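Number of protein chains: 2
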Amino acid sequence: MILDFKRNDDGLDKDVRRTEIRRLKAVLSAQQQEIRGAKLPVIVLVEGWDCAGKGNLIRELICEMDPRFFSVKSFGRTHEYDERYPFLKKFFEVVPESGKFLFMDTGWMEDVVGKYLRREIPAQEYDRRVASVNTFERQLRDNGYVVIKLFIHISRACQLERITALRENRDTQWRVSGDDLWQQQEYGQFLKAYDDFMEATTKISPWTVLDGEGRQKALYDALSAITGNVEAAIASGKYEGRPSGVKFPLLGGPSQKDADLTATIDPKKYDKKLRELQEKLAKLHNRIYRKKIPVVICYEGWDAAGKGGNIRRLTYPLDPRGFDVIPIASPTPAEKARHYLWRFWTKLPRSGHIAIFDRTWYGRVMVERIEGFCSENDWQRAYGEINEFEKELTDWGTVVLKFWIHIDPDTQLERFEARQNTPEKQWKITDEDWRNRDKWPQYEQAVEDMLQKTSTEYAPWHIIESVDKKYARIRTLQIVTDALEKAVDENVVRGMKSRRVEKNS
Amino acid sequence: MILDFKRNDDGLDKDVRRTEIRRLKAVLSAQQQEIRGAKLPVIVLVEGWDCAGKGNLIRELICEMDPRFFSVKSFGRTHEYDERYPFLKKFFEVVPESGKFLFMDTGWMEDVVGKYLRREIPAQEYDRRVASVNTFERQLRDNGYVVIKLFIHISRACQLERITALRENRDTQWRVSGDDLWQQQEYGQFLKAYDDFMEATTKISPWTVLDGEGRQKALYDALSAITGNVEAAIASGKYEGRPSGVKFPLLGGPSQKDADLTATIDPKKYDKKLRELQEKLAKLHNRIYRKKIPVVICYEGWDAAGKGGNIRRLTYPLDPRGFDVIPIASPTPAEKARHYLWRFWTKLPRSGHIAIFDRTWYGRVMVERIEGFCSENDWQRAYGEINEFEKELTDWGTVVLKFWIHIDPDTQLERFEARQNTPEKQWKITDEDWRNRDKWPQYEQAVEDMLQKTSTEYAPWHIIESVDKKYARIRTLQIVTDALEKAVDENVVRGMKSRRVEKNS
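Read top to bottom, the protein sequences are chains A and B.
Residue numbering for the first sequence follows our numbering, starting at 12 and increasing by one per position.
Residue numbering for the second sequence follows our numbering, starting at 12 and increasing by one per position.
The set of hints was computed from the structure by calculation and includes no laboratory data.
What you are looking at is a predicted structure, and each value in this text was computed from that prediction instead of being measured.
Think of the CB as a built atom: it goes at the ideal place given N, C-alpha and C, for glycine as much as any other residue.
Treat the hints with care, as some may be off.
[Claimed, not checked] Pair ranges (Cβ atoms, derived):
{"hint": "1", "chain 1": "A", "residue 1": "D419", "chain 2": "B", "residue 2": "R446", "range": "55 to 61 Å"}
{"hint": "2", "chain 1": "B", "residue 1": "D419", "chain 2": "A", "residue 2": "T213", "range": "52 to 58 Å"}
{"hint": "3", "chain 1": "B", "residue 1": "L177", "chain 2": "A", "residue 2": "A274", "range": "38 to 44 Å"}
{"hint": "4", "chain 1": "B", "residue 1": "D493", "chain 2": "A", "residue 2": "P344", "range": "39 to 45 Å"}
[To be verified] These stretches of chain A come out as covered by chain B in the derived footprint (C-beta under 8 Å, 3 or more residues):
{"hint": "5", "region": "171 to 185"}
{"hint": "6", "region": "315 to 326"}
{"hint": "7", "region": "340 to 349"}
Could you build all of it, start to finish, from the sequences and the hints given here?
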């Protein structure tokens, strides 16, 4: 039991404590510059009982700090997210840039435990979310984040006292919500649930329990925990995790060698087939919108393989209000300064919507690997991190489809030359394309590794032969319509909650 | 009357029209590269009747375009915004980067007219919003945006036919909302309201009415309007508006000359006064939160004038869940590529929250003016644009407070040298600070112009003498608490709607 509530008096004199707090605040303030130099991002998660003094603690922590280098995020009950996005999205969204502090006023603990106790998610889904939280914390750690988790603990009697004091004062009585009263009444149930959650999430970053009944002591302990952890992290340098060794349900994975690049479609049949599939897709789009199924379609492929035209044939029948094409270029400075999946987490489709990524998170194991934009450790670890990311999406009910648009080097050369020789198309071909072409063998290997290591049962790769672009378009449309048809026909109630349960059995 | 619904047949043959549409789609596609080169941002606003085919039109417009250079935004009914932000924020948020197209599926027309007809805003507020829309469109134009406004018009009978067809089909009946049925029933009322709105907003960018009963004709007319306008804009180069000449209720405006830099506070009284004001502020923060009053506090001042410490004294008593300090540095590339107020519009506080800007939009008329980051025309025009921006905020009910933290050059030198000689503070002083110091006379002039031209009745400047930093802190705290006290005591019902009305009388 983590929350066994024994008062651990350190016997510090009141005045000495006050002096120490002043000293530690100055240390924390100075650490802002140190983490800036070391490019460390630091997350301080403050959880705890209602009325335990979370807001007050954060106020004291930040009061000497420079607002340019920290931010505060509060998470209350988040209804919209629960229905429209995977629950982790809201936390991924706020991760700080390297060199900055983030203080969170409640986070993934209150979110998961609260929803579980309010019966908004069943036990099975609770377990899954706990596992997701551990994955999330590991990914943060492995990518250099320092995560410090605090829990402010107060007894039932103390909570009652504070609630009563708030309610007796006209100016503050509105602060006491039904949720607070319910927690007070069900203190025992919450105590067990908090404790269970903490036990289950202590592996990656341990919890620090603060005694919320002595505010100065709690502040002092919080400052000690934060400055101590940050100091240690600065001393040991940015942490870089090893690949995690988690096993995924991998398929054999298609290989480029098995692709039949001579595949073609009879041009006479093409128009008819295209129209047929597009009409079908339009109807399916309607149905996934109504059933609130989120869809993520990933396009990767060789330069000039025909991704753009393929995407256009796919989007043509779609209602513009229900999809987005998200072109992925090299990351902006704000993106580079965060977990490399941050820019994808923040662009996920709402439930019922389709997001089409024109290039994707697989850049990590292709261009970033080959150009040395990340370490070998980083891209080796990425296969597992990406599998985890896609698992999070499919567990939530997302249809994830991944296309590798495939051609051979000769076809690419032909198309490059055609672009070069057509004035309106010259902007499409750059020196970089030629440089990438020179690295065909390295890319071929990277593609092969990617196909083998990230073709999971829940998010398999499809190689789309695209020497005949028309053939390729029909193939992707066929795969998309089949997958959406299957998804809308699955005989489950489509509210996110029940779907999640069914999916995670 | 703009919507006088006469069928304007251009007599084009069906096949010719089809060929023309194909040609114009190719032109539009090519224009994506041209506006990229010319750094023009283009907004295509598609408004129209329910069931007029807005989504379908946009689908056809974008189907040949490259998703890297355009985006589509849909605006349905937006409840959250109505209560939490000025209504223009959602539109400012989506303005495209220069070189890109934005297609809007309804926008400021449906938003304003719809809310008015649903009686969500009274006539007075409707008039105010129409004026705001004109200001918005002018600001966009003056800052180089091309705005193309389309309205798809259908008759009452045609709308009924389409609604009936949708309702008769099981797969599509859900698409007909109560709002659609109500519009059909109240067609006449809507016709007048749409027409009035269009008449009132045709000055800056005129409307193009499309006949939605002939879909090919509507598409052709839309393509002609868009490509024609874009071609003209490319030919004439990026537009740069002159200062608008709109008059604002200017106060005399404080002058730096009148500042008494010898002002001090007795250090013995300081601690007590500080505590008093901070306690008062904490209580007021509670009250503005409950009354949902948004607050914007702007800090500008000389380097080393003591902004940071001043802000910290102000935020110390505030609940971290209810305020944000927003440090403003030089704009990111994404910010630079948009209207210069974009990065401030997107950071406005939710109702009931406080946003403290550490440097502000006044950078336009100070550093950008002095360093030549914008043209003289741009910064001259900015005084009016900023007054309009702040008017939009205060009309909506925001308390706007602006502080110029003032010192003399000798004091600055002393502080610069102190920083230089204190190892922990050296990071705070850069070569740029010294370079800015050399331009003191230019800045002094720019500050003076700013104080004179943007001290309005609704958002006045306060010069805060800060040679004695303690004196300065007490002064700002006093001004803030006085202003918040006045705001919470105003005897109005605090729902945003009624507030707006009262504020705009």
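Unmet hints by their number, sorted upward, for this structure: none
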